[in-house]
Amino acid sequence: METIDLRGVSCPTNFVKAKLELEDIEAGTTVEFLLDDGEPVKNVPRSLKDEGHKLLGLKEVDGYYVLTLEKVEE
Amino acid sequence: MKLSEEQITRYSRHILLKEVGGKGQKKLLEGRVLIIGAGGLGSPIALYLAAAGVGTIGIADADEVDLSNLQRQVIHTTPDVGKAKVLSAKETMLAINPELTVNTYETWVSAENIAGMIADYDFIIDGTDNFAAKFLINDACVLAGKPYSHGGILQFDGQTMTIKPGESPCYRCIFPEPPPKDVIPTCSRAGVIGVLPGVLGTLQATEAIKYLLGAGDLLTGRLLTYNALRMRFREIPVKKSAKCPICGDHPTITELKDELEAMTVCDLGH
Amino acid sequence: MNLTVNGKPASIAEENPVPVSQLLELLRVEQREYVTVELNGDILDRGDFDGATVKDGDNVEFLYFMGGGR
Numbered sequence: 001m002e003t004i005d006l007r008g009v010s011c012p013t014n015f016v017k018a019k020l021e022l023e024d025i026e027a028g029t030t031v032e033f034l035l036d037d038g039e040p041v042k043n044v045p046r047s048l049k050d051e052g053h054k055l056l057g058l059k060e061v062d063g064y065y066v067l068t069l070e071k072v073e074e
Numbered sequence: 001m002k003l004s005e006e007q008i009t010r011y012s013r014h015i016l017l018k019e020v021g022g023k024g025q026k027k028l029l030e031g032r033v034l035i036i037g038a039g040g041l042g043s044p045i046a047l048y049l050a051a052a053g054v055g056t057i058g059i060a061d062a063d064e065v066d067l068s069n070l071q072r073q074v075i076h077t078t079p080d081v082g083k084a085k086v087l088s089a090k091e092t093m094l095a096i097n098p099e100l101t102v103n104t105y106e107t108w109v110s111a112e113n114i115a116g117m118i119a120d121y122d123f124i125i126d127g128t129d130n131f132a133a134k135f136l137i138n139d140a141c142v143l144a145g146k147p148y149s150h151g152g153i154l155q156f157d158g159q160t161m162t163i164k165p166g167e168s169p170c171y172r173c174i175f176p177e178p179p180p181k182d183v184i185p186t187c188s189r190a191g192v193i194g195v196l197p198g199v200l201g202t203l204q205a206t207e208a209i210k211y212l213l214g215a216g217d218l219l220t221g222r223l224l225t226y227n228a229l230r231m232r233f234r235e236i237p238v239k240k241s242a243k244c245p246i247c248g249d250h251p252t253i254t255e256l257k258d259e260l261e262a263m264t265v266c267d268l269g270h
Numbered sequence: 001m002n003l004t005v006n007g008k009p010a011s012i013a014e015e016n017p018v019p020v021s022q023l024l025e026l027l028r029v030e031q032r033e034y035v036t037v038e039l040n041g042d043i044l045d046r047g048d049f050d051g052a053t054v055k056d057g058d059n060v061e062f063l064y065f066m067g068g069g070r
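Each protein sequence line maps, in turn, to chains S, Y and D.
In terms of our numbering, the first sequence opens at residue 1 and continues consecutively.
In terms of our numbering, the second sequence opens at residue 1 and continues consecutively.
In terms of our numbering, the third sequence opens at residue 1 and continues consecutively.
By construction, these hints were calculated from the structure, which means they are not laboratory data.
Do not take every clue at face value.
As the list claims (entries may be wrong) - Cut-off 16 Å, straight-line C-alpha distance, at most; resulting in silico cross-link-like pairs (EDC-like, lysine to aspartate or glutamate):
no.	chain 1	residue 1	chain 2	residue 2
1	Y	23	S	73
2	Y	23	S	74
3	Y	239	D	45
4	Y	18	S	73
5	Y	18	S	74
6	Y	83	Y	63
7	Y	146	Y	167
8	S	71	S	51
9	Y	243	D	38
10	Y	243	D	42
11	Y	83	Y	112
12	Y	239	D	15
13	Y	18	S	51
14	Y	18	S	24
15	Y	2	S	24
16	Y	18	S	50
Said to hold, decoys possible - Cβ pair distances, simulated, as ranges:
no.	chain 1	residue 1	chain 2	residue 2	range
17	Y	233	S	38	39 to 45 Å
18	Y	250	D	57	41 to 47 Å
19	S	42	D	35	45 to 51 Å
No experiment lies behind these values; they were computed from the predicted model shown.
Idealized CB from N, CA, C, for every residue including glycine.
One chain only, chain S, in its complex shape (with noise of 0.2 Å):
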């Protein structure tokens, strides 16, 4: 499974990246993002979640969180 890691990149930079590389991926694939603790890890998940793709999980490792989803095309 991909890993992208977003930590680091602040809003609404992280978005965008997370964004990209969601185009770049089939429907279906499940992929993990890295973010960072307060507004990266308060915005980006819903913000995919808006944008239509299935949240699998959300879990802290380490003062950080990975975000697990499934994309779903448009």
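Please build the complex by placing chains Y and D on the supplied structure of chain S, with the hints as guidance.
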């Protein structure tokens, strides 16, 4: 074509939009738009297309920047007075966005050169200030099948329509021929409120961007008119005319010709 | 008769159909030498202004050349 880090940052506000995304921004970067006229309408068009990242922008104008232009031709500044408009415009466009290709044509469009000029572009924008050019641009685009944006302003009024040749009405479907030549305009017709081309030109740039993205509904089959004093926009539905001399059922115009202009008063329109 | 002129209701003191050329006078339309008339969605030939008529309920738009841009 993968976007660079710099492009991701530069175009982030575009990429965030569902209708754009990385895919759309790439379409803009691969897009080619020709702006005919680097003055009132051409200024905001050039500024916004450069900002949007339209990868190849052509700009055509034979004129030099004059002091009287600066009241509305916002791409030119006081130090540019005396400089060729296309060079002045190119400098500002590249300052906004250095990665673009800007092609300058320091010439007036004519029946002889326009077909060759428009051939390399995806979308054409009329930013000219005289009827001869407007009819010529229409004819050239219709004959070549090139989509284009018509724009015209006068004092406090503006109008614009997008033309997809063969599919939607063209300029001659509404105005089959230039206005009667025996009518001499008065001096006040040369006046224009400076902000007006800013509004109209930006609408035209919007159409070019939407065309390249394949997003939204283009302004085809409807003439959008604007009056700045009443602050009213109106939309007048227009049909493709069977009697149109160039795109109708029995076209009488099959080749490009320079329409000779009426006598102008105090360099009206320049 | 009641008409829609440039998107707004208008009425003129004529009951019978009126030639477009007369309508331009009745409504005191500006710049008659420049104006283009769209009647019920169709652009009229300038030569038809005497022949074409407007009747009650018709939709008229007056369109003008705008040649500026620089």
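Evaluated hints:
no.: 1; hint: Y:23 / S:73; in the structure: holds, 14 Å
no.: 2; hint: Y:23 / S:74; in the structure: holds, 14 Å
no.: 3; hint: Y:239 / D:45; in the structure: holds, 14 Å
no.: 4; hint: Y:18 / S:73; in the structure: holds, 12 Å
no.: 5; hint: Y:18 / S:74; in the structure: holds, 10 Å
no.: 6; hint: Y:83 / Y:63; in the structure: holds, 9 Å
no.: 7; hint: Y:146 / Y:167; in the structure: holds, 11 Å
no.: 8; hint: S:71 / S:51; in the structure: holds, 10 Å
no.: 9; hint: Y:243 / D:38; in the structure: holds, 14 Å
no.: 10; hint: Y:243 / D:42; in the structure: holds, 11 Å
no.: 11; hint: Y:83 / Y:112; in the structure: violated, 25 Å
no.: 12; hint: Y:239 / D:15; in the structure: violated, 29 Å
no.: 13; hint: Y:18 / S:51; in the structure: holds, 8 Å
no.: 14; hint: Y:18 / S:24; in the structure: holds, 15 Å
no.: 15; hint: Y:2 / S:24; in the structure: holds, 10 Å
no.: 16; hint: Y:18 / S:50; in the structure: holds, 11 Å
no.: 17; hint: Y:233 / S:38: 39 to 45 Å; in the structure: holds, 43 Å
no.: 18; hint: Y:250 / D:57: 41 to 47 Å; in the structure: violated, 32 Å
no.: 19; hint: S:42 / D:35: 45 to 51 Å; in the structure: violated, 59 Å
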